[in-house]
Amino acid sequence: MSKLIPLIAEAGVSAVANPLINITLQGRHDTYPKRRGMTRVPELMAAGVTVAFGHDCVMDPWYSLGSGDMLEVAHMGLHVAQMTSQAGMRQCFDAVTVNAAKVMGLTGHGIEAGRDASFVLLQARDPIEAIRLRATRLKVWRKRQLLAETPPSQAALSLAGRLAVATFMPVRG
Amino acid sequence: MLDLLITHASLADGRTGMSVAVQDGRIVEVTEGLQAPAHQTLDAAGQLLSPPFCDPHFHMDATLRLREQADPADR
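Chains as they are written, first to last, in our numbering: chain A, 1 to 173; chain B, 1001 to 1075.
Since the hints were made in silico from the structure, they are not lab data.
Don't take each hint at face value.
[Stated by the list, open to error] EDC-like mimics (lysine to aspartate or glutamate), calculated; alpha carbons at most 16 Å apart, straight line:
hint, chain 1, residue 1, chain 2, residue 2
1, A, 3, A, 30
2, A, 139, A, 149
3, A, 143, B, 1029
4, A, 102, A, 112
5, A, 3, A, 43
6, A, 102, B, 1055
7, A, 143, B, 1024
8, A, 139, B, 1032
[As the list claims (entries may be wrong)] Residues of chain B placed beyond 12 Å of chain A at every Cβ, according to the derived structure:
hint, residue
9, 1023
10, 1033
11, 1035
12, 1037
13, 1070
14, 1071
15, 1072
16, 1073
Idealized CB from N, CA, C, for every residue including glycine.
All chains, full assembly: derive it from the sequences and hints.
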């Protein structure tokens, strides 16, 4: 594999890992310690290969716990690949957004002038917080059309002398 | 006049306080602090505006048959 990675990069081949189903199925028959069943995501990325994450199974006989949530996919991928540095976590966000769009040749994707008015407003301040909280997708637009809205998530607390609400987003600065 | 103007958004690449202007289904400008007449203006302060999530390997399976309630599209 280590010999193949530079050739994969040179050939312009992309890679798609499916962390939810990979970690569920692969290594299942190992004794302990069990192997992690996902390809070499950080090594491929470091070599310049475009790596994206897919959900793969959502609700099928192999994996039935999905909801089509790509932040959940990024969350699992980050853990399985141990990509817990600041840069690594942002790369996992890219793996379900810009990298995935690149794999599929979606030229209108991205928040830049000239691209489609397709984007998602998240109840999070940055990509790492979005993954950490699997943040509420407040609004989803596709080519200017508002497709979906979800109210902000907050827990109402009934604890004397404490804050009345919690959003799990600590004050910064 | 713009169709949609989103202001004070944070972007996934680390930029903050960004305005995203939309006209005719496309993004026409992404810049800091833009104020312009628009049919709809949305203040996204403290929120992340992300490019769409894309799934490059996906099996629908039971998801295709998932019905939370009677859907007019099924008739």
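For each hint, the structure was consulted:
1. A/3 - A/30: Measuring from Cα to Cα gives roughly 26 Å; hence the hint is violated.
2. A/139 - A/149: holds (4 Å)
3. A/143 - B/1029: Holds - the C-alpha atoms of residue 1029 of chain B and residue 143 of chain A are around 15 Å apart, at most 16 Å.
4. A/102 - A/112: holds (15 Å)
5. A/3 - A/43: holds (12 Å)
6. A/102 - B/1055: Holds: residue 102 of chain A and residue 1055 of chain B sit about 11 Å apart, inside 16 Å.
7. A/143 - B/1024: OK: residue 143 of chain A and residue 1024 of chain B at ~8 Å, within 16 Å.
8. A/139 - B/1032: With a Cα-Cα distance of about 21 Å, the restraint between residue 139 of chain A and residue 1032 of chain B is violated, given a limit of 16 Å.
9. 1023: Not fine: 8 Å to the nearest Cβ puts residue 1023 of chain B too close to chain A.
10. 1033: Answer for residue 1033 of chain B: holds, closest chain A Cβ roughly 16 Å.
11. 1035: Label holds. Min Cβ-Cβ 17 Å, cutoff 12 Å.
12. 1037: Its Cβ never comes within 12 Å of chain A, the nearest being 17 Å, so this holds.
13. 1070: With a cut-off of 12 Å, residue 1070 of chain B remains clear of chain A, as the shortest Cβ separation is near 19 Å.
14. 1071: Non-interface label on residue 1071 of chain B holds, nearest chain A Cβ at 15 Å vs cutoff 12 Å.
15. 1072: holds (17 Å)
16. 1073: holds (14 Å)
The structure does not agree with the numbered hints 1, 8 and 9 stated previously, though it agrees with the rest.
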